[in-house]
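2 protein chains.
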Amino acid sequence: MSNKGTVMAIDAMGGDWGPSVIVPGALRAARETGVGLRFVGRDSELRLELEQHSCQDLDVEVVHADEVAEAGEKSSHRMRKKRGTSIQVASHLIKDGRAQGLVSAGHTGPTLATTMLVLGRIKGIDRPGLATILPRENKPLLLVDVGANVDSKPRHLVQFAIMADTLARNVLKESSPKVGILNIGEEQGKGNAQVTEAYAMLKSTSLNFVGNMEGRDVFQSDIDIAVCDGFVGNIALKLSEGLGRAFGKMLKQELSRNRMSKLGALMARPALNRIGKRLDYEEYGGAPLLGLNGTVFVCHGSAGQTAICQAVKMAVEFTTTKANDAIRQTLEMHPELSRFHRFRHFISSGQKSGSYSEEGGSEEQQG
Amino acid sequence: MSNKGTVMAIDAMGGDWGPSVIVPGALRAARETGVGLRFVGRDSELRLELEQHSCQDLDVEVVHADEVAEAGEKSSHRMRKKRGTSIQVASHLIKDGRAQGLVSAGHTGPTLATTMLVLGRIKGIDRPGLATILPRENKPLLLVDVGANVDSKPRHLVQFAIMADTLARNVLKESSPKVGILNIGEEQGKGNAQVTEAYAMLKSTSLNFVGNMEGRDVFQSDIDIAVCDGFVGNIALKLSEGLGRAFGKMLKQELSRNRMSKLGALMARPALNRIGKRLDYEEYGGAPLLGLNGTVFVCHGSAGQTAICQAVKMAVEFTTTKANDAIRQTLEMHPELSRFHRFRHFISSGQKSGSYSEEGGSEEQQG
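The listed protein sequences derive, respectively, from chains A and B.
Counting along the first sequence from 1, when you hit position 255 you're at 258 in the working numbering, and nothing is skipped either side.
Counting along the second sequence from 1, when you hit position 209 you're at 212 in the working numbering, and nothing is skipped either side.
Any given hint could turn out to be false.
Which copy is meant is left open, because identical chains are indistinguishable; a pair holds if it fits in one copy or across any two.
What the hints assert, rightly or not - With a cut-off of at most 25 Å between alpha-carbon atoms, the simulated SDA-like pairs for lysine to any residue come out as follows: (1) K193 - R124; (2) K181 - A249; (3) K252 - K265; (4) K98 - N173; (5) K126 - H337; (6) K142 - R260; (7) K142 - R248; (8) K193 - V71; (9) K193 - L120; (10) K241 - Q191; (11) K265 - N141.
Treat the hints as calculated values from the structure; they're not laboratory data.
Build out the structure end to end from the sequences listed, making use of the hints.
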């Protein structure tokens, strides 16, 4: 119970199952860590759910929010008008100092947009990055960005790497996380303009940068962090999920085709279940949204109790280890990543710096 | 034997296994289709291999080539100097009219660069596209580009779609192939600048364009063709291969862990074998390199006899159905895709066309 005093806001209205899964999942995490919880959503629904669980010994409160953000909502305009969604109220709890982090199983789009708008970015971070933790045979892989942004600049990839490095150290307890760039070849110089520039920049950081990695290395390597544009990461993530499901379906189909294989499958069931467990996305629960002034974890819409519980526990760990402060410190060591560095360099040297151009472009999130 | 008169050049020196797999694989295709074969490579080695097979009834010749292209070779300079590699000799057989197509299991980089240099592009195609045929539960998916280019322009994606459409019609015998853009969301407007522009352009073509598809739809949808930048396609392809291997390894590990599961696996073996067969990349053998003046199929380095045989048969089908002529006809219907269209439009209208900018950029292949 070392986390007394730490409070997590839980957007309890999102996800495929709503409060009936989110509430017990988060309560389990509170019991295991001692963290305080602020369940945000429709007061009556949440109280009804809470009554089903004994939690008098826990620091639990309900904070009312009338509305729930819909899937498509991410434009600032609409969000500014709609003030009472659960994700908005939860974000303001952090802003007002009543919570240090939030966990949401709501739609990713409005969650990204709202938290970004309310909490703001860490100084030196141009764009937040959505990370995901992929289960693998040996150890998990942190893939970032999986869709918070598209058309990222090379330095954004470096910022993703810095943030993921802190996450891997503080939450996954990797002492020196290996960072790779997701690319189409291993040699330096391979790939598109974005990653070839990011390669040179990453090489000059203090990170344990090991170079490029290919698609086949995502599930079979000892690299801890794979950085990429959100367009690439999102496709890679969803492709993996889809292929996993296709495999499972095929296995079931073929094994139930006749008596002999059915019997075989029955005998091998513990083995097949172990495979399911090894591929269990629930184990890591939430996708951390890195780069905001506050801890934000987004859960998959279909997240079950275990996933919610794990996400809350990771968010607590991220908060109590002061991961965001560590990110700020690393950024201070790398002024060259600052958005205005080129401009300053231009002023001071009186000449144009050749590398990473194209400073313009929208800073809005997509995904 | 309706393909008499059609001749395929076979780069017989490439791949992990060389002539001992490529020669019998190609001979099998010749026996099934009646196509003529020109095996290109070291004369003595190839004759030795051919002696092991009875092929007196087939139109088979050996064409000597001293050298074999190495993995890294793709710069035009080095290739111009090195004239005698098997892929160069094979390409020249097409150029000289002594063959209509070629199949290579050699390294992809030099194969792309050499065939592009020797054969040239189809008029109206800016960049060739490397397609791959992914086996799926219902029907195969054509994914293009998987790495012939990176940093493609929106119109290049449309050109990939036109070429893949012809391939799907002529070789896979799909009467109206469904074309999708690999993207991070389904609604129009989702994704990066490249795909949002390509969306609008594809909508105006005569293709059966069905919109965006997400990563999870790659292995579970009825879309026939997924177009994407070579950077994205290459990562998606290699990720799928890697994940497939990881699954297989895990299945083997878990099933052999104790006697009960071993026995179960033995009883379910036919089912497990069927799964292997359904995921068999050998079935489609080769990756067509689309957009060149001639038929070019590239095989995986680890391609076995079946894959080589299938690749030759597909190359024959592509040639005899005059797929490249069909591509030329479709391109004539879409002058807006031409590289100089914008320029002409600018001259004729006296104003700058707003869409698809950034005409510059290297035309060299990477991958």
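So, going through the hints one by one against the coordinates:
no., hint, result
1, K193 - R124, "between (32 Å within a copy, 23 Å between copies)"
2, K181 - A249, "between (30 Å within a copy, 20 Å between copies)"
3, K252 - K265, "both (15 Å within a copy, 22 Å between copies)"
4, K98 - N173, "within (23 Å within a copy, 60 Å between copies)"
5, K126 - H337, "within (12 Å within a copy, 48 Å between copies)"
6, K142 - R260, "between (35 Å within a copy, 20 Å between copies)"
7, K142 - R248, "both (21 Å within a copy, 17 Å between copies)"
8, K193 - V71, "between (45 Å within a copy, 23 Å between copies)"
9, K193 - L120, "between (36 Å within a copy, 21 Å between copies)"
10, K241 - Q191, "between (27 Å within a copy, 18 Å between copies)"
11, K265 - N141, "between (30 Å within a copy, 23 Å between copies)"
Consistency with the previously given hints is maintained throughout, with no hint failing.
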